[in-house]
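Colleague: Residues per chain, in single letters:
Protein chains: 2
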Amino acid sequence: MNALTIGKLAAATGTKVETVRYYERAGLIDPPARTDGNYRSYRPEDLERLRFIRRTRDLGFSLDEVRALLDLAAQRDRDCGTVDKLATHHLEEIDRKIADLTALRRELAGAIASCAGGTMAECRILEAFAPSPITDKREK
Amino acid sequence: MNALTIGKLAAATGTKVETVRYYERAGLIDPPARTDGNYRSYRPEDLERLRFIRRTRDLGFSLDEVRALLDLAAQRDRDCGTVDKLATHHLEEIDRKIADLTALRRELAGAIASCAGGTMAECRILEAFAPSPITDKREK
DNA sequence: TCTTGACCCTGTACCAACTACAGGGTCCAT
DNA sequence: ATGGACCCTGTAGTTGGTACAGGGTCAAGA
Numbered sequence: 001m002n003a004l005t006i007g008k009l010a011a012a013t014g015t016k017v018e019t020v021r022y023y024e025r026a027g028l029i030d031p032p033a034r035t036d037g038n039y040r041s042y043r044p045e046d047l048e049r050l051r052f053i054r055r056t057r058d059l060g061f062s063l064d065e066v067r068a069l070l071d072l073a074a075q076r077d078r079d080c081g082t083v084d085k086l087a088t089h090h091l092e093e094i095d096r097k098i099a100d101l102t103a104l105r106r107e108l109a110g111a112i113a114s115c116a117g118g119t120m121a122e123c124r125i126l127e128a129f130a131p132s133p134i135t136d137k138r139e140k
Numbered sequence: 001m002n003a004l005t006i007g008k009l010a011a012a013t014g015t016k017v018e019t020v021r022y023y024e025r026a027g028l029i030d031p032p033a034r035t036d037g038n039y040r041s042y043r044p045e046d047l048e049r050l051r052f053i054r055r056t057r058d059l060g061f062s063l064d065e066v067r068a069l070l071d072l073a074a075q076r077d078r079d080c081g082t083v084d085k086l087a088t089h090h091l092e093e094i095d096r097k098i099a100d101l102t103a104l105r106r107e108l109a110g111a112i113a114s115c116a117g118g119t120m121a122e123c124r125i126l127e128a129f130a131p132s133p134i135t136d137k138r139e140k
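Residue numbers (our numbering), protein chains in the order written: chain S, 1 to 140; chain V, 1 to 140.
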């Protein structure tokens, strides 16, 4: 009675319809019941599950990690240490990414700062990208 | 002569052989001359060009941007303002990525910090991932 | 009742930027 | 002459979706 079409489900979670079907194919959500006209028919629980998926995806977890998190969450009596471990590992990855980007930012900013205009031939930015001038593509 | 096989070229730039061939297909490097045995034969200039590609890729430029940079660098007499613009734009994107990751990091760290152990059923991390149906204002 | 338009269905192809084979051919040292 | 390291082409897989094409369904308005 409060069944949802795929369009409603998608809209309620800020997901595209194609993405919901993709998640079904990817095994993150179960194939739902169908109506007489072969439309997918979702229950409120499916909405919760999709919300969880979206949230964890937004936090940068991979689909594999989301799958693992969903599996873990289903085992209500087990210790939640595994979840903590997964989340902590992911946090470390984020930290690594931030560190990488920060280093890269510094390099690029340095190259840009060294540019004093002029022609390509004397461009400091290009120089920072290449130890010596780049060769043209070979002409036939 | 000082001609290079694809393997030497790849090794000299920290690239995989397949990636070099991919760059050729993608039009970043010209199809090189071939030996009698149909092996690709690279010149020192090709090494320079590949080095430039790797360096800019490492700095996070897309292949399209790298292509643009290479095209610009070839026009030695033109003003290098376009390069500056491209690089500055890329720097802004990096800043955006760092900001996004930092926000995300804070959220995730908060969720992890709230975990006090126990079972999945009472896991604060999972709770943080599953927003209640009532407070379902969607965040990005 | 008929029609229109919004929605839904499956299946396939496409994106970046590679990476990984499979099934061959070449080169060179022993 | 043989073995192993290298090279060749061509195709398919990766991640996380997105975009059609070519149809079917459904509810409302004329």
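It is worth saying that the hints were derived from the structure and are not from the lab.
Check before you lean on any hint, since a few could be wrong.
Label pairs and their calculated CB-CB ranges [stated by the list, open to error]:
(1) E93(S) with G117(V): 44 to 52 angstroms
(2) R76(S) with R21(V): 48 to 56 angstroms
(3) A12(S) with G14(V): 22 to 30 angstroms
(4) A109(S) with E107(V): 21 to 29 angstroms
(5) D95(V) with R96(S): 14 to 22 angstroms
(6) E122(S) with R21(V): 19 to 27 angstroms
(7) K8(S) with D71(V): 44 to 52 angstroms
(8) R21(S) with G117(V): 34 to 42 angstroms
(9) A68(S) with G117(V): 17 to 25 angstroms
Below, in silico cross-link-like pairs of lysine-lysine (DSS-like), each with a Cα-Cα straight-line distance of 25 angstroms or less [unchecked claim]:
(10) K16(V) with K97(S)
(11) K85(V) with K16(S)
(12) K97(V) with K85(V)
(13) K85(S) with K97(S)
(14) K97(S) with K8(V)
Quick caveat: nothing in here was measured; it's all calculated off a predicted structure.
Beta carbons: idealized from backbone N, C-alpha and C, even for Gly.
Colleague: Please go over all the hints and tell whether each is borne out by the structure.
Modeller: Structure-based check of all given hints:
no., hint, verdict
1, E93(S) with G117(V): 44 to 52 angstroms, "23 angstroms, violated"
2, R76(S) with R21(V): 48 to 56 angstroms, "51 angstroms, holds"
3, A12(S) with G14(V): 22 to 30 angstroms, "47 angstroms, violated"
4, A109(S) with E107(V): 21 to 29 angstroms, "27 angstroms, holds"
5, D95(V) with R96(S): 14 to 22 angstroms, "18 angstroms, holds"
6, E122(S) with R21(V): 19 to 27 angstroms, "34 angstroms, violated"
7, K8(S) with D71(V): 44 to 52 angstroms, "48 angstroms, holds"
8, R21(S) with G117(V): 34 to 42 angstroms, "38 angstroms, holds"
9, A68(S) with G117(V): 17 to 25 angstroms, "19 angstroms, holds"
10, K16(V) with K97(S), "23 angstroms, holds"
11, K85(V) with K16(S), "34 angstroms, violated"
12, K97(V) with K85(V), "19 angstroms, holds"
13, K85(S) with K97(S), "18 angstroms, holds"
14, K97(S) with K8(V), "31 angstroms, violated"
The structure fails to meet hints 1, 3, 6, 11 and 14 from the earlier list, while all remaining hints are met.
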